[in-house]
Structures are given as structure tokens and as C-alpha cells.
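*Asks:* Sequence:
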Amino acid sequence: MNTRVELPGLNLKNPVMPASGCFGFGREFAQFYDLSHLGAVIMKAATGGKRFGNVTPRVAETSSGMLNAIGLQNPGVEGIIAKEIPFLETYPTPIIANVAGSTVEEYVSVAEKLSETSVSAFELNISCPNVKEGGVQFGTDPFLAENVVREVKDVSDVPVYVKLSPNVADIVSMAEACAKAGADGLSMINTLTGMRIDPKTRRPIIANKTGGLSGPAIKPVAIRMIYQVYEAVDLPIIGMGGIETVDDIIEYLLAGASAVAIGSANFKNPLVCKELIDQLPEGLKKYGFESVNDAIGGAHDETYSSSISRS
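Using UniProt numbering, read the sequence shown as starting at 1 and increasing by one per residue.
In short, the hints are calculated from the structure, not lab data. Computed from a predicted structure; not experimentally measured.
Below, in silico cross-link-like pairs of lysine-lysine (DSS-like), each with a Cα-Cα straight-line distance of 30 Å or less:
1. Lys268 <-> Lys285
2. Lys286 <-> Lys274
3. Lys113 <-> Lys13
Now the in silico label distances, taken between C-beta atoms and shown as ranges:
4. Lys286 <-> Arg27: 31 to 37 Å
5. Glu28 <-> Met195: 26 to 32 Å
6. Gly76 <-> Val104: 16 to 22 Å
7. Leu144 <-> Glu28: 31 to 37 Å
Don't be surprised by glycine CBs; every beta carbon is placed ideally from N, CA and C.
Turn these sequences into a full structure, and let the hints guide you.
*Replies:* Here you go:
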């Protein structure tokens, strides 16, 4: 079974990678399995300087996922270049750097510095809902999104994938703005803004009050948005949101994703990425696919749907 996928800047041995923010820089997970198995690694967000994130509590469970408001905690781009990238370079696995900032200038500065390293691509984070400045403000306004993508593209030596926010009325207009600015691909979706309240204290459980909802609860939203964007914009998509099984991966591929990222499931099962990679060939075979590429966009094939309805 052929599981290879070719994307701009990325020659993936398989389409499975950990989502940014749910895998750190891979050190903890390297204790459980060889990171060489992964299609790629998406690093935790890099900002210009160190960030200590939001005050605690920053995480709350929900009935079908989790809320988090970490707030882009990271050691800063210089610390990441000095310590984390050299560690990941010991594995023959493409590195995708998640780039974040509070201003366009910060995004550009981080991208310039990371362009001088061995990273294969950027994931431009314009969709974090848990920071007061930057983040989602760029990801909910097509004009601002187009501007920051264009500025980062001008200084980047590697392809730029833009991580879109689901917290918008029209996801297609955001994708079109990114395409117009020269984005090489999209990653979809970031978390949905949510809240939980403790009945005993009568206060929000998370200190930030709101957090980003991830996990199985958001998968139908992600599938819908990827399906819409696939039909409107000719860019490859890395899909994410509640993936826990091989059938989930295949559903994302059929909607139009060319690769997938695993997020919250890593917290329940640190081996989930490796297990899904191992199970993927048999899962594809079960549904009659001879390769990953055969499944990409399959839900848009009206001819296939018609043949089923006539049988």
C-alpha cells in the first residue's frame, strides 16, 4: 500500500503528523516510539521572545473533547533554534515550524530566523483564540490575513501553510484571501472558542474564561469546512480536529485533506500517531483504495456517488 504524499516542500512517507501544541517539540513522545515513523512533525508555536502563557488553570475536560487556553507558551524562536530543532534534526522526518506573533513584524522576524534552519515548511498561526494580541485577529479578517501571509511569504525560503480559524462566518473567504497572498497550503482547523463554568464556584473553570475546544466534538465542523474550501480553493490542505481512528483519517481525506494532524488524542494515548500510521494501509484497503492519493477528495466525486445509488 502506497501511503506517500507529496505536498509543497514536504515529501511525506505517510500523511500523519502531530498537531502543533499537542506534541511539544517531540522530546516526551520520543520516549515512547521512534519519531522517524511520523510523516512530519509540526512544532509548538514559535514567537519572537519567550512566552510563559496564560495563568492557570488553562485546561478543562468536556464531554467530547477538551478546552485549553495555554497562550502560546514557548521558549522563543532563538531558544527553539538553539535547542529544539537540533533535536528534531536527528530524525529523518520533515519539520514544520508553527509561526506566531502579536504583530506582522513579529511574524516576519520569526519566519526570517527560521528560514535559516532546516525546517521544511511553515504553518502560519493566524488562528490562536487564546492570546490577547495577534492570533485570531489576523485569522478572522480577510484583509489582515492576506497582508500577514504576503509579508511572511516575502521573507520565507520554505512553503507557507496557513492555519485557519473556524471562528468565522465564512471560511471560504479566509481561504481565498490566503491563496491570493500566495499561500502554498492550508491547515484546518484550529480550535473553536468555548467555555465551561464550575457550578460550585459559579466561575469559569479556565482562568482565561474562554478556551479553544478540540477533540471529537469539532470533527464535523472541520469536515464541513475542509469540504467547502476544497471546492473553492486550489491549495493542499492538512486536516485536523478530533481524529482518533483510521476511519477519521479517511473521512478527512475524502473531504479534501491531503494529510492530517493528530491533536488532543495524543494526550489520551501517546502512541496514537504511530498506531494510526501502522493501521492506515489496512484501513485504506478495507474501503477499496490503493493509495492515500486515491482517497483525497473522494467525497466530491459525484460519479462514484451515482454508481452507489444505482446499485
